[in-house]
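Q: Sequence:
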Amino acid sequence: MALQIYNTLTRRVEPLETLIPNEVKMYVCGPTVYASAHVGHAMSAIVFDVIRRYLEYRGYKVLHVMNFTDVDDKIIVRARERGEDPIALAERYIEEFQEHIQALNILPATVYPRATREIEGMVTVIQDLIKEGYAYPADGDVYFRVKQDHDYGKLSGRKLAEMHAGARVEIDEQKEHPMDFALWKAAKPGEPAWPSPWGPGRPGWHIECSVMNLHHLGEQIDIHGGGNDLIFPHHENEIAQTESYTGRAPFARYWLHNGMLQLGGEKMSKSLGNLVTIRDYLADHSADSLRMLVLSSQYRAPLNFSDETIANAERSLERLRGALRPPAGNQQSGAAADALKADVARARVAFVNAMDDDFNTAGALAALYDLVRAINTARDAEVGGAPFAEAQTELRELTGVLGLTLATKETKSQEAAPFIDLLVQTRLELRKAKQYALADSIRAGLADLGITLEDGPQGTTWRAG
RNA sequence: GGCGACGUGGCCAAGCGGUCAAGGCAAGGGUCUGCAAAACCCUGAUCGGCGGUUCAAAUCCGCCCGUCGCCUCCA
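Mapping of the first sequence onto this note's numbering: residues 1476 to 1940, in sequence order.
Check before you lean on any hint, since a few could be wrong.
In the EDC-like style, the derived pairs of lysine to aspartate or glutamate whose C-alpha atoms are separated by at most 16 Å in a straight line are [to be verified]:
#, residue 1, residue 2
1, 1907, 1923
2, 1622, 1655
3, 1606, 1626
4, 1660, 1548
FYI, nobody ran anything at the bench for these hints, they're computed from the structure.
Remember, it's a predicted structure, so these values are computed and weren't measured experimentally.
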């Protein structure tokens, strides 16, 4: 069975057929860097990280480009408020975002282009669009002529006539048609500006992605991704510009869009102000837990971010981690060992089938929980050695495809470990002497410090958290 | 008003016409344990509502109710 993905352009699930066999050219829209990124941005980055990891698991070489929009109105406004240089402000948030990417265990993109470093290419493309009749200059601005693009609206399913009727479009005397959008904006005094045939100015939002695509991936790409709030107008306009410029369609074969993260019943966004920054989240929670939350639902559906769903994700993670505990015996053959081997193979097939179905991560997790149960059952049956190790390796590999680290908090307790061991040893002596009240008070005391003790047939183990 | 997504047990969620409607968390009962913890076993939903198509529907169609996104900057 082949990998199937939902394509916003066709509104259907389709088999993935790449331009070049075994290679995927993927462009994902990154953030506009005018403020600290929030967990909604993280969700999008995680979704496409999982997609990228899975494509690589399936043997594709992935060229992954993620851009930074480092010049736009909001950056300029923000910089002015703070009396800071806009370019420097953007730079600061880019650095912060890249730290977040690392902290969230997101694989680095192949290239991270920035709008401000590709201005010349944009000017060239805009000039060409004007020459071909797809755009027109107006008083220092340049606009794209939507009427010239015969299939404008095909991504978002809108018709020019209907959008007109919606009447939510501002009337601008400069524009020939209300839906025409800016390719180039003339600079007002004090704004960052680059020279152009139309006077000093800066690029419009949509043109930068078109040009960075052309520059880093070529005239046609396989996957173009982003949040579903970008479908219109951003991606619609990108298609209009790029296909008008190259004369080739489709610009991107598959358009993938993730659903929005919901906080308190509505979309988390900078504009609404109902946000939790990645920094704040990571101060209290693990990167794995946020990823787990994302994995628990379909990437295209809205995802509810709440204390309850986060706690749920964290406990589910514990379930996965538990299966990585050491074996309790050394049975390498027999019915239990054979059953484990069979369950490993079954889990792998189920995992791949789920992921092949438009990245059904919730279904893939179900396959992993089956593997967890198989491992735990095998441990109870004293299976050990190679069969047990191989099952755990498989679990690590598949959770790795989802980008989970399954790191425990124990590293943080490293310094305290000898002291905890000492207490555990003392408690063991007390238990032998049937001094249970004292033994229990040690256990309770450690529990208050966040250390959990577990008495098993092989002795007592402890873990943080 | 237009376009799109969606509504499955307390929470999250799979399911895409046909064996018992996956799985995780939570809850209850058990096994194990000095007691716990962990692990394992067992227990619960007829699928927003109403019609229709079909031998057969959570799964297809229609209408209604509700939620979310986009239509303006936005992952």
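Q: Hint by hint, note whether the structure agrees.
A: We went through each hint and held it up to the structure:
1. Of the supplied pair hints, the one linking residue 1907 and residue 1923 is violated, its CA atoms being roughly 24 Å apart against a limit of 16 Å.
2. Proximity of residue 1622 to residue 1655 is assessed by CA-CA distance (about 8 Å); at most 16 Å being required, the pair is judged to hold.
3. At roughly 20 Å between alpha-carbon atoms, residue 1606 and residue 1626 are farther apart than 16 Å, so this suggested pair is violated.
4. For the suggested pair residue 1660 and residue 1548, the alpha carbons sit about 10 Å apart, so the restraint of at most 16 Å is met.
Of the numbered hints given earlier, the model fails hints 1 and 3; all others are met.
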